[in-house]
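*Asks:* Sequence:
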Amino acid sequence: MAIYIGGKAPLWLIALGALATMMVFIIIVVKFRPKQEAACWDGRELIEQRFILPPKHYQLSESPRVVRHEVDIAALEFSAAGHKHEVYIIYDEALEQQLAGTDVSILDNR
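Here the sequence shown is numbered in our numbering, starting from 1 and rising by one per residue.
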């Protein structure tokens, strides 16, 4: 974990410093990471992008809808094979512009 400094610095102080350093790096990575595509809708097929697993394809008879839960958090809701699915997404101006010309409806539940 860290180099022990011959009894001059307490071990808990070294551990706390290592944890604080890791926390700073995590905050930097989370804050500045690029947004990733969560789902893609082409009019008939919805492709859900997953983190480690391969993408999942759904054939839909009706278009999905975006349900806003908070100012910047929304869910893409759709029904496939009799089951209701939700994909949580970040709602911002760029997404609103992308949805403007599509058949995806927006429902505000804030």
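Take the hints with a grain of salt, since some may be wrong.
As the list claims (entries may be wrong) - What follows is a set of in silico ranges between Cβ atoms, one per label pair, in the way DEER data are often shown:
#1 His69 to Ile27: 23 to 29 Å
#2 Lys84 to Phe32: 18 to 24 Å
#3 Leu19 to Asp42: 28 to 34 Å
What the hints assert, rightly or not - Simulated crosslink set (EDC-like; lysine to aspartate or glutamate; CA at most 20 Å straight-line):
#4 Lys84 to Asp108
#5 Lys56 to Glu70
#6 Lys56 to Glu96
#7 Lys31 to Asp108
Worth flagging that the hints you see were computed from the coordinates, not collected in a lab. Here a beta-carbon is modelled for each residue, glycine too, at the ideal position from N, C-alpha and C.
*Asks:* Taking the CB of Lys84 and the CB of Phe32, does the distance hold inside 18 to 24 Å?
*Replies:* 34 Å, violated
*Asks:* Is the distance from the Cβ of Leu19 to the Cβ of Asp42 consistent with 28 to 34 Å?
*Replies:* With a Cβ separation near 45 Å, Leu19 and Asp42 fall outside 28 to 34 Å, so the hint is violated.
*Asks:* Taken at face value, is the distance from the CA of Asp108 to the CA of Lys84 at most 20 Å?
*Replies:* 18 Å, holds
*Asks:* Check the hint pairing Lys56 with Glu70 against an upper bound of 20 Å on the C-alpha distance.
*Replies:* With Cα atoms ~26 Å apart, Lys56 and Glu70 exceed 20 Å; violated.
*Asks:* Mind checking the alpha carbons of Lys56 and Glu96 for me, to see if they're no more than 20 Å apart?
*Replies:* Measuring from Cα to Cα gives roughly 24 Å; hence the hint is violated.
*Asks:* Between the alpha carbons of Lys31 and Asp108, is the straight-line distance 20 Å or under?
*Replies:* 26 Å, violated
*Asks:* Does the Cβ-Cβ separation between His69 and Ile27 fall within 23 to 29 Å?
*Replies:* Holds, since His69 and Ile27 (Cβ atoms, about 24 Å apart) stay within the stated range.
Consistency with the previously given hints fails for numbers 2, 3, 5, 6, 7, ordered from lowest to highest.
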